[in-house]
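S.K.: The residues making up each chain are set out below.
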Amino acid sequence: MSTDSGGVGSLMRAAREPGVFMRLARGNLELWANLVVITWAVAFAIWQGSGFAITLGTVFAIWAILAVSLNLVVGFTGLLSVGHIGFFGIGAYTVAILTSNAQYEQLRTEAIPTFGWPFFAALPVGIVLAGLTAIAVGVVFNRFRDDIFVLVSFGFAVICFNVFLNSRALTRGAFGIHEIAKPEIGSVAFGSEVAFLILALVFLAVVVLISWFIVSSSFGRVLTAIREDERATEVFGYQVTHFKLTVWVISAMMAAAAGGLFASWTTFIDPNSFILLESILLVSIVILGGLATIWGSILGAMAFVLLEEGMRFLPFLPDEYVGQARQVILGVLLVLLMLFRPQGLLGRYRL
Amino acid sequence: MLRSAAYRERRGRILAASLTTAAAAYVVWKITESPDQAVQFAFNGLSVGAVYALLALGFTLVYSTVWFFDLYYGAAAAMGAYGVFYLRTSETVGGSHVNNPYVSALFALVVAGVVAWALYEAFFIRMQGRFTRKSLYIAGGTLTGATGIYTGFILASPDYLHLLLAPAVGATAAVVAGWVVSRVIQRLFSKAGRTTLLAASVIVGSLLGACCGLLLAGAPGSRLYLSWAVSCLVAGAVGVALYRGLYVYMRKRARSPLIMLVASLGVLLAITAATAIVFESAPRPLPRAFGSEPWTIWGSNIKGFNIFTIGVAIAGFLGLLFLLKRTSLGRTIRAIGDDEEVAKVVGINTTVVIAIVFFIGAVFAAAAGLLSGHDTAIQPRMGLLLMLKGWIASVVGGMGNLYGAVVGGFALGMVEQFGIWDLAGEWKDVISFVILILFLSFWPRGLLPRG
Amino acid sequence: MSTRTERDGGRFALETIEVAKHFGGVHAVDGLSIAIPRGKITCVVGPNGSGKSTLINLLSGMLPLDGGVVVVDGVRLRVIKPHETPGLGITRTFQDVRLFDQISVWDNIMVVLTERRLLPALLERGKSGQRERTEEILRSVGMWEKRRSLAMDLSYGQRKLLEIGRAMALNVNTYLFDEPFAGLFPQMLERVKGIVRQLRNEGRTILFISHNMDIVRELSDHLIVMDSGKLLTEGDAEEVLAQPEVIEAYLGV
Amino acid sequence: MSIRQIALVCLLGALALLAVACGDDASDESFKIGVMESLTGPGETYGTVSSQAKQMAVDEINAAGGIDGRMIELIVQDSKCSAQDAITAYNKLTDVDGVKIILGTSCSGAMLGAAPLAEADGVVLFSGLATNPDIAEAGDYIFRTAMSDALLGIDTGNELWADGIRTLATITEATDYAEGVRRTSVAQFEKLGGEVVAEERYPSDITDFRSQLTKLINANPDALHIAAQQEFSGGTIVKQARELGFDGPIYGEIVVVGTTALEVAGEAATGVKAIAAVLDPDNQMAQEVLRNFRARYDYVTLPWYLGSAYDDVYITAECLRQTGDDQDADGFRDCLYDITWSGAIGENYSFDEKGEISLSNVVVEVLPLAERTEENQGYKSLGQAPTK
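Quick note, the sequences are listed as chains A, B, C and D, same order.
Numbering of the first sequence is given in this note's numbering, commencing with residue 3 and proceeding in unit increments.
Numbering of the second sequence is given in this note's numbering, commencing with residue 1163 and proceeding in unit increments.
Numbering of the third sequence is given in this note's numbering, commencing with residue 665 and proceeding in unit increments.
Numbering of the fourth sequence is given in this note's numbering, commencing with residue 4 and proceeding in unit increments.
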């Protein structure tokens, strides 16, 4: 399987033999992308101090999990899903509802039952729930392809947001859910930012491993074949819908895991974190980093997180426009990529 | 487990029919329950539906010609609305001018570019025999520069919109009137000489044109309605520029419609965010247009402006129908929609025709955007929301069918209204997307399938 | 109603009875009843639009049947699902070569050799048997050197060969080749002919479509002539080619 | 390229992030105060006003020589109106800029997101705008000069009942603030015996409320209650309700009678009643703040929030004068608990044990279009909200 990236490989080689570097650097976009983003990350960490870097690292890890999971669907299977934020939200809300310990009855706002489960008990429930939702959604969506699939996945994102916002008896609607538990294993609590970052990176590593395991197996090869020609793959004896559904569900479960982490990290969630725009941004991260490459998604997530923080230091850009300016840059990048490099920076697959 | 395709199709049809019947029965039951509310809902549905129908019309036109989802379409809707806001901001809440020299210059450049390209396509080859290349370049350059500067002035000084536009409108009126007069004379007095014909049409044309120009120059109240035209045209020009400057190159290489979709998603993201930077992301009202007083009909209220919107939607539909069915341009558009390669071989300049389609599409979107903006309000995000609704409407009506677009638009408007009779109003968006998924699952060709 | 297969004791690998397919009002295949002899090369000829490709699409399940029955090894089928065709011993190539463009030549062959079930597929990472078979196929179609390049980067002839190789990798009894010789250079042409002959020598059934009468004469044992979705004539190649109406119907176009 | 290499690179990246620590919090001359406001998004009206008022107050203090010669420096971050952005902004302020005292946030949601962190880190979070009742319970380091919706709700319920309203229809923006307002108001109204005959909600990004309003009006309520987060939607709802032929009384709170809301609604807003904290017209300081603000920024909206944000800065300055150290959050907190302040929003108010203040709300009624001026903000006060 061609999951590996020449970019990182050549980076490694360059690290071992500095002489090779100049030869590699010439015209090697992937290497440049890697170098720029990683240098940027390191420089940023030095410049800004560890505390903030840890926060950003956690944000990065969560986005990276999402991006890697979405790449399974977009890059390897060829289904451009804009609805992944829905599964992220399901994971986040399940963990939030199950672990929250807030005394809502004493508050003057909407009360929902609290369970006070530990994080690691709630997370699997969230993952399974997202998986079940993904099965239901996938059965309906399986018949759609290409741009129609995009359209219905837009719909899924909007529906999910509205469910989070309007099922007040379950999610407290706009009030959001407080006091979401931090993860704990036995007596080891991941309360501090550093501990949480490590946990998030461990999650990321697990997700990357699983993704790698999938794409490097025969299963992954079938997925790419489906992406290239669904009908032809069928003629060779594959029940394409089952394969698509399976990877869709796996990807949804990974997104839910990211959601659970996110909920636990912020300790408070409300529907605003799960809007359609976030989903669109997520898709652009995946395309930006590169389709059908795991490392590309990670790099894309890193670039995305750094982009916003990096722009805070542009002197001519007022702080309040940073978010919007990032959106402009992402939009322009998408256009340029589609024009010149439809596979994304490190991609292995052109749309 | 023997399930033939015919069986599945039949099952789909049965399901669709029963769903429709159930929906109709529900509506009838609701109407008998409270006729007042039903009438009011119907009015609301028609007002909203008119906007959806306009969106779906333009969307269908573009989609059935180039066969990819152009998300710029949503941005065009927002640009139409914000164009009016940009030009008439002094009449809206907040009052302070948002007029920005960079923005004006940018759009002037875009318009100039589009004009340059249009001149090149329309005249360059035809005139090359008669004039030297150099003189053509000079003439074209001058005209382009003049248009760009003129656009820049119009955008930069909205307070003098009526004065600035008066000559242009007058000239257009003169040309149109002259043409009409010459046609009429030719019909009635077939023996009339060339000189008489020319003299009569020039005199009548220039008189009428001057009259129009003067009237306009003396009517500052017309600025709002002129700004409608300006923002529609600018949105259209941006559509053409995007097509010519971007999509043309991309379509050559694109393996799938997804490339185009993602690229136009980028365009939408960038334009939305840029709008939010220039105009702030909070919603804003547009200045009051005519007909903002409600009329009471059968105990329910509807604004005159909503009736106007419905009229615009129907007029847009008829105009588009005429264009596609009765004019040679329409025939070429349909030919391109059927098979672009063949159309190219037959000798149609597909680039130009598709550019025109993009222009018309963007004008429809801009019109829908500004009408809905006048009716309620504008915000940078409105583009995405409107576009999604336009999509759904055209899917409901039947992709690629004009009749379907109108029916789908109004149907979606109605369904959204009547759908929340028993449900809480916040589920409105969910209803439209559930409708979308139902339609795509059971009735993918829509209410009125194409061809 | 007994089928020819039943009467002839399995002499036919594949048989259609009154098979029909229509698109809107157009009857692409209209009550077609043919029988494809086992272990022989059958050629389908007919003018453009006579329903040849539709026939292959119907037999490979790419299009649902609108009527009629397909008999495969004595099993009567009204519905053929594409993913079941390898189980029925059928595979095919496409007129407009359909490879998995953006994956490597190697993977293009591997895809048809690997596990069909979900979970085993997840756990499988290329068994040695599969690798050897892939190498064997790639060498036999002369693509071993190209194994690392993407399928989309191959030349037209190479793509055609790769597609045939991909079909061969699926070890089945019946091969349906949709215009395997179209647009090939002489050298490639010989190679494909060789492959087809070799497959027959291995005792497999081959059905192919071609417009090249020389090749049809040279290769086919059995000939089916179609026109407007209907069967014009069917029989031993030499006999059929001797019939004047065939020459008229086919070469007259 | 194998998974090992990926892992290695990940590890390197993580190490680089962890290893590098940089302490640039050597305190210089000025006091550093963090500010988190929603400068973009649904809360931007409040956030902008609030941060401008704060900047104005800081400039005044600095122009007058600062606090014992030391200047105040505001470090402003956009917390949007969401918990996630508030957390990012909070971390930025505390980790990068090393502040211990943060003024903000504007939105209750953002406040509730950042509050647990502040509580755990011992950072003072001092808001002039967040009104959610739950913030009272958020912790020891959490203060606000905004009044809890709980107080507002009780007043609203009383006022509705006193005006003879027995059946009510509510329309509420689906945000925590607006939901909080609706909930507390309706609770009091129902306690008194009133009945809510219809309720509707809307997401923040819609501008067409006619379908919801049609349903509400069809339920024939005595009055309509609007709880909006954005001034804009508040004004639009008033306008559209009148367009749909609703002629009963309309109630809201400060958002519905904000300057923008009134401009959007125009004549339709006449007679709308709102229960709100308003600046006392007799309070000289309040009037001066408004005058200065108008002179500086050329507009005035949400005077009370403006004053509240303004007072925050002066209270902060007073406490900094007492503690003399912008890193001493505990001292600052104790100072806040002890302080009694007279400022733009009221005389002699102080923080209770939950970090809350309590001032009285008044009922205002919107004037006809012709009578609205910059000075009267477009409404007249009907006096204190009834207590019964």
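Please note that a few of the clues may not be correct.
[Said to hold, decoys possible] Footprint (simulated), chain A over chain D, 3 or more residues, beta carbon under 8 angstroms:
(1) 69-77
(2) 241-247
[Stated by the list, open to error] Residues of chain B clear of chain A, computed beta-carbon distances all greater than 10 angstroms:
(3) Ala1179
(4) Ala1204
(5) Val1265
(6) Ala1416
(7) Pro1419
(8) Leu1431
(9) Thr1434
(10) Ile1476
Just so you know, these hints were derived from the structure itself, not from any lab.
Glycine residues also receive a C-beta, built at the ideal position from the N, C-alpha and C atoms.
S.K.: Take the hints in turn and mark each one as holding or not.
M.R.: Here's how the hints hold up against the structure:
no.	hint	in the structure
1	69-77	violated (count 0)
2	241-247	violated (count 0)
3	Ala1179	holds, 20 angstroms
4	Ala1204	holds, 25 angstroms
5	Val1265	holds, 14 angstroms
6	Ala1416	violated, 8 angstroms
7	Pro1419	violated, 5 angstroms
8	Leu1431	violated, 3 angstroms
9	Thr1434	violated, 7 angstroms
10	Ile1476	holds, 27 angstroms
Checked against the numbered hints given earlier, this structure breaks hints 1, 2, 6, 7, 8 and 9; the rest are met.
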